[in-house]
Structures are given as structure tokens and as C-alpha cells.
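Starting from the structure of chain C, add chain B where the hints point.
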Amino acid sequence: MSTQAPSADPSIQDQQAEHGLHPTEATYIKVAAILAAITAVEVAVSYWHGLGDGIPPVLIILAAIKFSMVAAYFMHLKMDHLWLRRLFVTGITLAIAVYIAVFLMFGVFQNRIHA
Amino acid sequence: MTAIAPGTHVEAHATGSHPAHPPTNTGISNEKLAMWAFLGSECLLFGALISTYFLYRGRSLVGPTPKQIYDIPYTSVSSFVLLMSSLTMVLALAAIQRGDQRRLRIWLLATALLGMTFIGGQVYEFTSFVREGLTLKTNLFGSSFFVLTGFHGAHVTLGIVMLLSLANLSARGKIPQEKSEIVEIAGLYWHFVDIVWIVIFTVVYLIPSPGLHVH
Chain C
1 MSTQAPSADP
11 SIQDQQAEHG
21 LHPTEATYIK
31 VAAILAAITA
41 VEVAVSYWHG
51 LGDGIPPVLI
61 ILAAIKFSMV
71 AAYFMHLKMD
81 HLWLRRLFVT
91 GITLAIAVYI
101 AVFLMFGVFQ
111 NRIHA
Chain B
116 MTAIAPGTHV
126 EAHATGSHPA
136 HPPTNTGISN
146 EKLAMWAFLG
156 SECLLFGALI
166 STYFLYRGRS
176 LVGPTPKQIY
186 DIPYTSVSSF
196 VLLMSSLTMV
206 LALAAIQRGD
216 QRRLRIWLLA
226 TALLGMTFIG
236 GQVYEFTSFV
246 REGLTLKTNL
256 FGSSFFVLTG
266 FHGAHVTLGI
276 VMLLSLANLS
286 ARGKIPQEKS
296 EIVEIAGLYW
306 HFVDIVWIVI
316 FTVVYLIPSP
326 GLHVH
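Residue numbers (my numbering), protein chains in the order written: chain C, 1 to 115; chain B, 116 to 330.
No lab work stands behind these hints, which were simulated from the structure alone.
Simulated pairs of lysine-lysine, BS3-like, Cα-Cα distance not exceeding 25 Å:
no., chain 1, residue 1, chain 2, residue 2
1, C, K78, B, K147
2, B, K182, B, K252
3, C, K78, B, K294
4, B, K147, B, K294
5, B, K147, B, K289
Listed next, the stretches of chain B that the computed footprint assigns to chain C, with coverage defined by at least 3 CB atoms under 8 Å from CB atoms of chain C:
no., segment
6, 146-155
7, 165-173
8, 193-202
9, 205-214
10, 307-313
Just so it is clear, CB atoms sit at the ideal spot from N, CA and C, and this is done for glycine as well.
Isolated chain C, as found in the complex:
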């Protein structure tokens, strides 16, 4: 993916150098087109009953791809300071770990197996 040309303004140049270059408008539009296409695939998969039990994992993988693309390109985590990525990933990891523990405590996965 291409990146934005450096600004003529020295203070903006400093800012861009410090935070990493942001993508160009063309890149943003390409990312949005990919996100729209993935959304269409998600909806199609949800109606594809032939997939059976494969529907949830496929949908979760597609959602994870969309999530990562928005975070990486629109929120600039791909090119921004590493600390910010760590901060956000810590929040997500903590949330996933805590709620998987809750699910295990309530026997959610066990119920699904018995059903």
C-alpha cells in the first residue's frame, strides 16, 4: 500500500516523521472497497446453509479481518507508535481472556457440545 507524500510544512514533516506516514486517500478507498466486499461475503455466508457448523468460524474469521484492517489502516496502528498498538492489543487480549474465563465458568462451551 502506498503512503502519503511528505508535507511541505516543516512542522507537519516533523509530525509525519515522528508518527510514521499515513496512507494516501487512494489507499483508504481501496481498504473501504475491500471492507465492503468482505461484508457482502459475510452476509452471503450467513445464508449459505450448506456450510452447517462451519458458518460461525468463517464469519468470525471474516470479522477479525475487517477489524484488523480498520485498526491497521483507518486507525493507523500499522504505521503509528508501537506503544499505541500495545495499549490497544492489551485491552483486547484482556477482554478476550476475561470473557473466555466467564464462558468457561458458565459452561457455555460444554452446553454447546451437549446440544
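Coordinates of chain B only, in the frame set by chain C:
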């Protein structure tokens, strides 16, 4: 008295020569760091709400159930609208980084309009669900669904207020190019609201839900 090293952030802050330089050890401005810390904590809030919805899935004793009332094509269009608002938001940021105030306002207002369309769609959806007999008190599905999507809707509404305030500030010439980080921070919040909806749309709407809980 301690001397200020030339060329450092501290010197820049003290002299005010480089307003774009954040005077912090990390090089990240406090505002941006605070927004990311806030978003990290929001992951836990929405994680709790989504998990609660997931825990209560298929445990309702009475209808209506998700299968009976969801209108997937309608919600898909709403999701598409919110997704495209993220595009207009980054285009607003790109505009202010180029110093283009007019396009900044156009894209901010376009983002706010797309956000309002999403909220309008949610209000219509809630109204039709209530008409079909699903309220906050009907069953476990109703309680967890309205709390989760209602909280998300409240976040989108707050985002719209932020966007309109930014458009107003820009019109009054209060967002110069070197202060583009204000738009970036508001954008971070807006994109977060979008990624939360990406998860809600999949987990709540698209993943097939079991019917009523039968003993």
C-alpha cells in the same frame, strides 16, 4: 537551574517553536495516549455486553427469538453505511493534514450524516421490534440485545456530536493544519465505534442463533 538541551521536545515546548511536537518522553501527545487508553478500556465494556448477549443466547423461555425478528438485509445496509462513515472520517483527516479546511468540513459533515443514517436505522429497528412484542423486559434475548445495541447507539450519537462540533470549530477557523491531531483523535473514537459494530454485526446478527430454550 537546569539548562534545556537544544533541539529537545522540552526546549520546543518551552520556547513554543514547534507546537506540533508533543512535549512527552514517548513522543505521543497526552491526548492521543489518553484516547487509546480509553479505547482499550472500552474493549472491556463492550466485551462484557457482547459476552452477556452470548451467554443468554438460546436461553429465552418465550419469544420473539432473533430468528423471528431479525431483518438481515436491512441491518447489512446499516452496517455498510457505518463502514463507509469510517472512510469519510479518514478522508476528513487527510484533508486537514493537507490544510484543506473546506474538504475537512465536507467529510466531517458526510461522516456525521452517515452516522445519523445509522442511528435512524437503529431507531426504526428498535421501534419495529417493540411493535413485534420484543421489549427490554420480554425475555433474556430482549434484555441483552437492547442493552448491547443501545450502548453502541449511544456511542455513535456521542461521536456525531463530536463530528458536528469539529465541523463548527473548523468553520470558525479554530482547527489549523498543525492541530490536525484533534481530528485524528475524534477519528480514533469513530473508528472504534465502527469496529465494535463489526463484531456486533457478526456475533449478534449473522451467527445463527438457537431457538427457544426447552427443558
